[in-house]
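J.: Here is what each chain is made of, one letter per residue.
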Amino acid sequence: MHFFSESDDAFLLELQSQTITASSAGFSEWVSDTCPPISLGWGWFIHEDSDRMMLAPDGVRSNVMLIDVQGYDLGPHKTVSLFSAWLSGFEWQTAVCTALNDHATPC
Amino acid sequence: MHTTIGKSKDFSPATEHALAVYRHKIFIERLGWNLPVEHGVERDQFDHPETLYVMTREPDGEVCGCARLLPTTEPYLLSEVFPHLMGGAQVPRSREVWELSRFAAATAKPNPEVDPALNTRCLLAAAVKVAAAHGAMRLITVSPLGIDRLLHRMGVHAHRAGPPMFAEGKPIFACWIEIDEQTTEALGIASSGRGAAVDRPARAMVASQNRIVDPQVANCA
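Residue numbers (this note's numbering), protein chains in the order written: chain Y, 1 to 107; chain X, 1 to 221.
If you're looking for bench data, these hints aren't it; they were derived computationally from the structure.
Misleading hints may appear alongside valid ones.
[Stated by the list, open to error] Mimicking EDC-like on lysine to aspartate or glutamate, the simulated pairs with C-alpha atoms at most 16 Å apart in a straight line are: (1) LYS109(X) - GLU185(X); (2) LYS109(X) - GLU29(X); (3) LYS170(X) - GLU6(Y); (4) LYS109(X) - GLU62(X); (5) LYS170(X) - ASP8(Y); (6) LYS129(X) - GLU185(X).
Produce the entire structure from the sequences given, and follow the hints as far as they go.
T.: Below you can see the structure in the form of structure tokens.
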């Protein structure tokens with residue numbers, strides 16, 4: 001479930017300094033309603049040319065360590081990588097845009 | 001820039017005063033945190049003679065960074081004030097876990113000669129080293145959400161203990177910092193010799209993260 005999202009001008013400048021053509025950027029936080037709760041957070045940006053909201057290249061942060069079928073940690077890097085891959089197929093943009101618009105920030 | 005480390009009982013009155021003034025300047029005046037203040041000094045119940053502090057100082061002696069370390073075997077900020085940030089898990093109580101709090105790496109007055117990124121790295125490195133010297137294998141902190149991103153960018157092995165929550169309108173969270181090869185390398189300090197956390201089997205680790213096994217995920221890549 002969406003928890004909150006916000007724009008961040010400093011993050012926008014940071015992305016632009018990495019030659020990412022972004023017109024807006026910020027962060028989004030999501031939390032599950034499971035017990036224990038799972039927390040995921042990531043950066044987003046609006047691509048200037050396509051106007052699409054995309055996952056920022058600074059990774060997904062969470063309270064989760066993915067493990068393999070034998071119970072061994074996949075490690076932080078692989079966990080981040082797999083979450084990023086999963087997010088690419090998950091429609092999160094609408095909830096983020098709605099939250100940003102509720103704060104009168106154009107999306 | 002140099003580093004001062006010690007317990008408050010061992011500090012000179014001048015050092016104690018410098019630290020108190022710095023904390024008030026940063027946490028109360030600049031960040032606007034709603035913290036207890038005694039006689040103009042920012043201080044809470046976790047500041048006592050045995051509390052361990054780390055300070056970075058400019059060449060002229062001005063404090064430009066501070067951090068507080070407490071063992072989790074005694075009351076600490078997360079356990080007493082923010083246990084709900086653990087997402088339902090028990091607050092840590094272990095000689096191998098120390099709490100890092102009141103962390104700030106910023107000059108009290110503008111000083112272009114102090115590199116903020118280097119100051120942050122030096123302060124965190126010193127805090128990790130001191131904690132490790134006292135037997136810590138991991139740190140726990142209550143931090144603004146931006147710290148999650150900062151640590152991630154620094155390459156430090158940090159992760160959330162639970163979901164963030166709002167406190168006085170700002171999102172905060174409980175953050176684990178693993179004192180492992182990834183962290184020590186990211187901070188440019190000698191390895192603890194314990195090996196990278198990723199090398200340790202899940203069963204051998206203290207249960208501190210939610211672990212998910214998904215055959216599809218496990219087979220991916």
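J.: Hint by hint, note whether the structure agrees.
T.: To see whether the hints hold, each was checked on the structure:
Taking the CA atoms of LYS109(X) and GLU185(X), the gap is near 31 Å; set against the 16 Å cutoff, the hint is violated. Restraint check: the Cα-Cα separation between LYS109(X) and GLU29(X) comes to about 12 Å, which is no more than 16 Å; the hinted pair holds. The suggested pairing of LYS170(X) with GLU6(Y) holds, with an alpha-carbon distance near 11 Å, which does not exceed 16 Å. Our distance criterion of 16 Å between C-alpha atoms is met by LYS109(X) and GLU62(X), whose separation comes to about 9 Å.
In summary, the hint linking LYS170(X) to ASP8(Y) is supported, as the alpha carbons are separated by about 14 Å, within the 16 Å threshold. Using a Cα cut-off of 16 Å, the hinted pair LYS129(X) and GLU185(X) holds, with the two alpha carbons roughly 12 Å apart.
Hint 1 from the earlier list is the only one contradicted by this structure; the remaining hints agree with it.
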